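This is what each chain is made of:
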Amino acid sequence: MEHAIARSGERTADAIFTLFNLPRSSYSRIEPTLKRLKGVREVSVDYVTNNVLVRFDPVELTTHDIRGLLQKIG
Amino acid sequence: MSRQSEKGKSKTVPKSFRIDESAIKAVEVEAASLNVSPNTLVNQILKQYAQFDRFARKMNTVKISSAPFRGILSAADVNQLIEVAKSAGSSIPQAFATASSGKVDLESFMSHIRSLASYAQLFEFSETADMHGRVVTLIHEFGLNWSIFLVHYITEMFAQIGLTPKIEMSDRSVIFNLSNT
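Which chain is which? The protein sequence lines are A and B, in order.
Heads up: the first sequence begins at 1 in this note's numbering, then just goes up one per residue.
Heads up: the second sequence begins at 75 in this note's numbering, then just goes up one per residue.
Derived from the structure by calculation, the hints contain no laboratory data.
Errors might be hidden in some of the hints.
[Unchecked claim] Across the chosen pairs, the derived CB separations fall in these ranges:
1) LYS240/B - ARG29/A: 37 to 45 Å
2) THR62/A - SER161/B: 29 to 37 Å
3) THR62/A - ASN113/B: 32 to 40 Å
[Unchecked claim] Partial list, derived from the structure: chain A residues whose beta carbon lies under 7 Å from chain B:
4) ARG11
5) ALA15
6) ILE16
7) PHE17
8) PRO23
9) ARG24
10) SER28
11) ASP46
12) TYR47
13) VAL48
14) THR49
15) THR63
Note that the coordinates shown come from a computational prediction; the quantities given were computed from them, not determined experimentally.
For each residue, glycine too, the CB sits at the ideal point set by N, CA and C.
Bound-form chain A, shown alone (with noise of 0.2 Å):
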């Protein structure tokens, strides 16, 4: 997922999370779990690295918003 910056007013958010924490066999519910919050933009689960990679508006949400739900599905 290439990075963007924002060029006009718009703000935006890019988050990389490592998932060490999570059982492997819950890495297939990170993606549709995340894109249910509003804000969430992109996600891209990393089945090789064990990170996930989220855009969102931070305007929306925080870091540690999406943190506490990556904790919760595991």
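Put chain B on the given structure of chain A with help from the hints.
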């Protein structure tokens, strides 16, 4: 023929290879356990090689478990750690940027930081950007000495292109702020 797999994702192209039987069996077993297609897993393995491993190898990168890494950091002399961080920050990001994009600039350095999160698991990464600049937060569990290392590594890296970010740190995080002005 290529196709855009999903909006915002990079395009895919069909290719045919002969693959070692034991390797593809391992991939198929792993993919089944993860409930994803072997295609997804093979693509991500190749992306890791294309975007990180082939450049990391040129810099004699080693892989180490997180527990001994944390232990080595906590036992290190802080002044020597800072010298190592400055030396590494003035050379490694440039080498990565040049090898991967052919350019040494803000975007190639940011790409280097993202790669260290994605492929080396050295920290979690988040970035908020708007027309005024960007705020980058690195969160980790390697202790205060790792934050000190990162602060000096990043400071030296940006000094190479004439930038001086505002940096804050704690024992679990490093936050740097780059203004567009």
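How the hints compare with the structure:
For LYS240/B paired with ARG29/A, a C-beta distance near 38 Å keeps the hint of 37 to 45 Å intact. About 35 Å separates the C-beta atoms of THR62/A and SER161/B, a value consistent with the hinted range of 29 to 37 Å. Between THR62/A and ASN113/B the Cβ separation comes to about 34 Å, which falls inside the hinted range of 32 to 40 Å. Of the supplied interface hints, the one on ARG11/A holds, with its beta-carbon coming within about 4 Å of a beta-carbon of chain B, less than 7 Å.
The interface hint given for ALA15/A holds, since its Cβ lies 4 Å from the closest Cβ of chain B, which is under the 7 Å cut-off. A least Cβ separation of about 4 Å between ILE16/A and chain B falls short of the 7 Å threshold, and the interface hint therefore holds. Among the interface hints, the one on PHE17/A holds; its C-beta lies about 6 Å from the nearest C-beta in chain B, closer than the 7 Å criterion. At its closest, the beta carbon of PRO23/A sits 11 Å from a beta carbon of chain B; the interface hint therefore is violated under the 7 Å criterion.
Given the 7 Å rule on beta carbons, the hint for ARG24/A holds: about 6 Å separates it from the nearest Cβ of chain B. Contact between SER28/A and chain B, as hinted, is supported at the beta carbon level, the nearest pair being about 4 Å apart and thus within 7 Å. Hint status for ASP46/A: holds, given a least beta-carbon distance of 5 Å to chain B, under 7 Å. Given the 7 Å rule on beta carbons, the hint for TYR47/A holds: about 5 Å separates it from the nearest Cβ of chain B.
Of the supplied interface hints, the one on VAL48/A holds, with its beta-carbon coming within about 4 Å of a beta-carbon of chain B, less than 7 Å. At its closest, the beta carbon of THR49/A sits 6 Å from a beta carbon of chain B; the interface hint therefore holds under the 7 Å criterion. Against a cut-off of 7 Å between C-beta atoms, the interface hint on THR63/A holds, since the closest Cβ of chain B lies about 5 Å away.
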